[in-house]
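Engineer: Letter by letter, the chains look like this.
2 protein chains.
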Amino acid sequence: MSFNPLIEKIIEMKNPTVAGLDPKLDYVPQYIREKCFEQYGRTLEGAAEALYEFNTGLIDALCDIVPAVKPQMAYYEMYGWQGVRTFARTVEYAKSKGMYVITDGKRNDIGATMEAYAAGHLGLTDVDGEQIAAFGADALTVNGYLGTDGIDPLLKVCAAQDKGIFVLVKTSNKSSGELQNLPLEGGESIYGRMACMCDEWGKELPGKYGFTGVGAVVGATYPEQLTELRREHPSIFFLVPGYGAQGGGAQGLVGAFNKEGLGAVVNSSRAIMCAYKKEGCDETDFAGAARREALRMKDDINSVLS
Amino acid sequence: MSFNPLIEKIIEMKNPTVAGLDPKLDYVPQYIREKCFEQYGRTLEGAAEALYEFNTGLIDALCDIVPAVKPQMAYYEMYGWQGVRTFARTVEYAKSKGMYVITDGKRNDIGATMEAYAAGHLGLTDVDGEQIAAFGADALTVNGYLGTDGIDPLLKVCAAQDKGIFVLVKTSNKSSGELQNLPLEGGESIYGRMACMCDEWGKELPGKYGFTGVGAVVGATYPEQLTELRREHPSIFFLVPGYGAQGGGAQGLVGAFNKEGLGAVVNSSRAIMCAYKKEGCDETDFAGAARREALRMKDDINSVLS
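For the protein sequence lines, the chains are A and B, in the order given. Under the numbering used here, residue 294 is the last one in the first sequence; the count climbs by one each step, no gaps. Under the numbering used here, residue 294 is the last one in the second sequence; the count climbs by one each step, no gaps.
Okay, chain A solo, but in the shape it has when bound (with noise of 0.2 angstroms):
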């Protein structure tokens, strides 16, 4: 129960960052689709393949620097069963590495429906007596829309099996405060709402550095609400998405952390998967490209943190 293995591996690497695995075909170098293609056709097989060998290089570049991984399920399933048996394997192949794996799914569902999803995401699928996991990723994003219904299943699998989720709060993207930003009878907004949801649904899954394992995603393009959720929340850990990419800078987490400088993890993605771009390296390097601007983004936030 609880993000306590997700912590102690950030407190050992000095590095609040999880690696997002979200590997849009043009992101992969063009000599591994080629190869790829050359073998399986232009196929979603032949697609999902090139994934896989564009995340191994990945995983192998960053799992002694960067504590997680955060396979996007979207990227995924855009490529049919192939995507998903290339995103089994890819969490299979993080965790051999001693990677945390968060997988980015944003799961939404009640009663036994949710647990279909927390058993197949976190959990053990029962197959006739056999206990199998089929994913076994350590987190799940997940949509708290529907209430209590659709978290209490996914509680029940952390708390058997020390894992956690990170439900949905204040989303970095643009129109998130459509609805999350409107205030309830009372003045309070969905979003902070939502919050004492977390609150509430994360006691019963304490962890021994004060946060719970019911986690929220705040998004680092809104970093007065994530002071704000920090100072209201301080035992939610955050899953921080927004960072780079999307336009939010190390000066802006420095809310989402508290005093011991603990209590987020920041997420990048293609600043990551498409650093030889930007850098400008030869493709066949993608993965030392990868590896130095994770460190470069280690260096950033923590900067800001001391």
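For the record, the hints were derived by calculation from the structure and aren't laboratory data. Nothing here was measured: the structure is a model prediction, and the numbers come from that model. Check before you lean on any hint, since a few could be wrong.
If several chains are the same, the list does not tell them apart, and a pair holds so long as it fits within one copy or across any two.
Each computed DSBU-like pair below joins lysine-lysine, with the alpha-carbon atoms no more than 30 angstroms apart [unchecked claim]:
1. K144 - K265
2. K12 - K247
3. K286 - K266
4. K286 - K12
5. K266 - K247
For chain A, the structure is supplied; the task is to place chain B on it using the hints.
Structural biologist: Frame of chain A, contents of chain B only:
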């Protein structure tokens, strides 16, 4: 664009229902499970094969009397990529039998990520110039918590491919009111606001029966809200879960329909899939029992509409 193809099937079959394909392994007749486990072992693959055989039997029995099926992604993801392959094959099989397919994924994300979901589930995926339908459903359920950034990419795909989306508005579960019923400043509920956002988004997808391509999920378990939303949002087509198994009866559905008897498609999952258990017939007649229950449900709903 819009739900024209679904509404045409509903009119033609005089049946405003959709059969949910939420195949928990427990629902699958023993003889199918045993055959698949013998061939593939007690594995994710064995489970996935059993689900596929069950699904195709149901589709064969329903395709001339029920306009649509609604596979629930969670029950496929639960069995890993092998389960997702069964999902893909199920969509393909249902389409080959002329059925309209609503993927119940409650997907949500922003920008390029939502584009990836839209391409994968409803549109076409580009693989180096090849345009491939990864899953190829007709409609997708989505969660609007992230606002317009999360919906716009879907609207583009729906417009290009004659597809639709159902946005979660007032869900059927017990705790749906925790967030959805909260009153905003001015008194409007959150679900009411979400319905207004659906109206806005729907303007881009007008349909010839007066309904746009942006529908709403509204639970049969809340007949008052069904009636209120039908009255205030005449151009939103409803996907209505919660009939039967979740306790909602046909009488409570009346408010979901307009004077022409249109406006909603009502889902039933377990009652159809597990009809053979309730009937107590031989399990090899599971498909016949599903058909009998589907006809009973059709008559039940039509009886309150006329």
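Engineer: Confirm or reject each hint.
Structural biologist: Structure-based check of all given hints:
Taking identical chains as interchangeable, the C-alpha atoms of K144 and K265 lie at most 30 angstroms apart only when they sit on different chains, with a minimum of 29 angstroms there against 43 angstroms within one chain. Taking the closest pair of Cα atoms, K12 and K247 never come within 30 angstroms of each other, the shortest separation being 37 angstroms inside a single copy and 47 angstroms across copies. Proximity of K286 to K266 under the C-alpha cut-off of 30 angstroms is restricted to the intra-copy arrangement: shortest distance 18 angstroms within a copy versus 59 angstroms between copies. Proximity of K286 and K12 under a CA criterion of 30 angstroms is satisfied intra-copy only: 24 angstroms inside one chain copy versus 44 angstroms between copies.
Taking CA atoms no more than 30 angstroms apart as the test, K266 paired with K247 passes in neither setting, with 34 angstroms inside one copy and 59 angstroms between copies.
Hint violations for this structure: numbers 2 and 5, all remaining hints satisfied.
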